[in-house]
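Enquirer: Sequence:
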Amino acid sequence: MFHINCLNPISQVGLQNLTENYQICDDMTQAEGILVRSASMHDMELPAGLLAVARAGAGVNNIPLEKCAEQGIVVFNTPGANANGVKELVIAGMLLAARDVLGGAEWVKSAAGDENIAKLAEKEKKNFAGTEILGKRLGVIGLGAIGVKVANAAIHLGMEVYGYDPYVSVNAAWNLSREVKHVLNVDDIYAQCDYITIHVPLLDATKGMISPEAIGKMKKGVVILNFARDLLADERAILEGIESGRIHRYVTDFPNTVTAGKKGCIVIPHLGASTEESEDNCAKMAVEELMDYLENGNIHNSVNYPSCDMGVCSKAGRVAIFHRNTANMITKFAAAFGDKGVNISDMINKSRGEVAYTMLDVEEAPSQEIVSALESLDGVFRVRIVKG
73 MFHINCLNPI
83 SQVGLQNLTE
93 NYQICDDMTQ
103 AEGILVRSAS
113 MHDMELPAGL
123 LAVARAGAGV
133 NNIPLEKCAE
143 QGIVVFNTPG
153 ANANGVKELV
163 IAGMLLAARD
173 VLGGAEWVKS
183 AAGDENIAKL
193 AEKEKKNFAG
203 TEILGKRLGV
213 IGLGAIGVKV
223 ANAAIHLGME
233 VYGYDPYVSV
243 NAAWNLSREV
253 KHVLNVDDIY
263 AQCDYITIHV
273 PLLDATKGMI
283 SPEAIGKMKK
293 GVVILNFARD
303 LLADERAILE
313 GIESGRIHRY
323 VTDFPNTVTA
333 GKKGCIVIPH
343 LGASTEESED
353 NCAKMAVEEL
363 MDYLENGNIH
373 NSVNYPSCDM
383 GVCSKAGRVA
393 IFHRNTANMI
403 TKFAAAFGDK
413 GVNISDMINK
423 SRGEVAYTML
433 DVEEAPSQEI
443 VSALESLDGV
453 FRVRIVKG
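Read in order, the letters of the sequence shown are residues 73 to 460 in the working numbering.
Treat the hints as calculated values from the structure; they're not laboratory data. This list has only true hints and no planted wrong ones.
When the alpha-carbon atoms are kept at most 27 angstroms apart in a straight line, the in silico DSS-like pairs for lysine-lysine are as follows:
#1 K412 with K459
#2 K387 with K404
#3 K289 with K334
#4 K198 with K292
#5 K335 with K198
Label-pair ranges, simulated between beta-carbon atoms:
#6 M73 with Q440: 15 to 25 angstroms
#7 R250 with E194: 37 to 47 angstroms
#8 G317 with Q102: 52 to 62 angstroms
The beta-carbon is built from N, C-alpha and C at its ideal position, and this holds for glycine as well.
Given only the sequences and the hints, what does the whole structure look like? Please build it.
Expert: Have a look at this one:
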């Protein structure tokens, strides 16, 4: 029986997929698996028996990834599960920036008690006139699950779309409309596009990428949309760009004191994935990842360990080893089994940066003596018996 603790409310559509081998528990210290959305785990004492954390969403800045990696705790996220919800809000953001719907709606609200509101509206509407997005150029920076959907939707809306992603995956390339112009230099997007939307992860290399220098290369009157992470943009530089007329609108899904209520900023209260469908999809995907790992040791969509899949174990035992990515580790693992006359029938080893993950299927259930020998090896974080 595996015990699962939910640090946030998790959609029942996902939880109902847990089999009779799983039990939801309120005590995190008893959990082998954790399901989480936004709760911060950085200051939490992680229980010794915790094996995995599944984030029902894409961002994992609320989870201590390195700490988990060093304790052999796999952290999953659910890339693409909320992509359609975010895509639709990005399109809405473009339309709100193009047409002053919000300003017009606020005027109507202020004039609600005037019996001549209909006539007044005909006079006032010119103050809220905008432009159409048909024929405009959209630059999509980052062609992952969300970026591809935004690019394709914009093509169907009659926009001319430019896509930039030096690391675009094969799967994304297959799903991307052939009408999207793939550019090799992000400066081409800055120079040519009327709308620019960012869909990249927050890394040291991407933090502040919408910089004063980048803004200086953009077309006058550009609209910038940020539904990825606020720290991707130098938002004070964006305010300066709005004041100078370089930037027409900044649409962001991340409220903070820099942009909230500021001229030219449309700030949305982090609604990108806040749809019933997105929450259901994320919960289902997180539960599936957690179950496959706990039952079989397989890793898909982890953010701190490599992807690794050996299917369902048909042998007497399966051992999972979390360790540093250093030379000669496999030889040492094999020796621990060979010294006890246990044959390894199949194995897989994958690495990700400084950490690695090895699974071995063996023809005899691994003894505690073998496990102890593996655990004593320098560089091993954790040894887990998946089956045996």
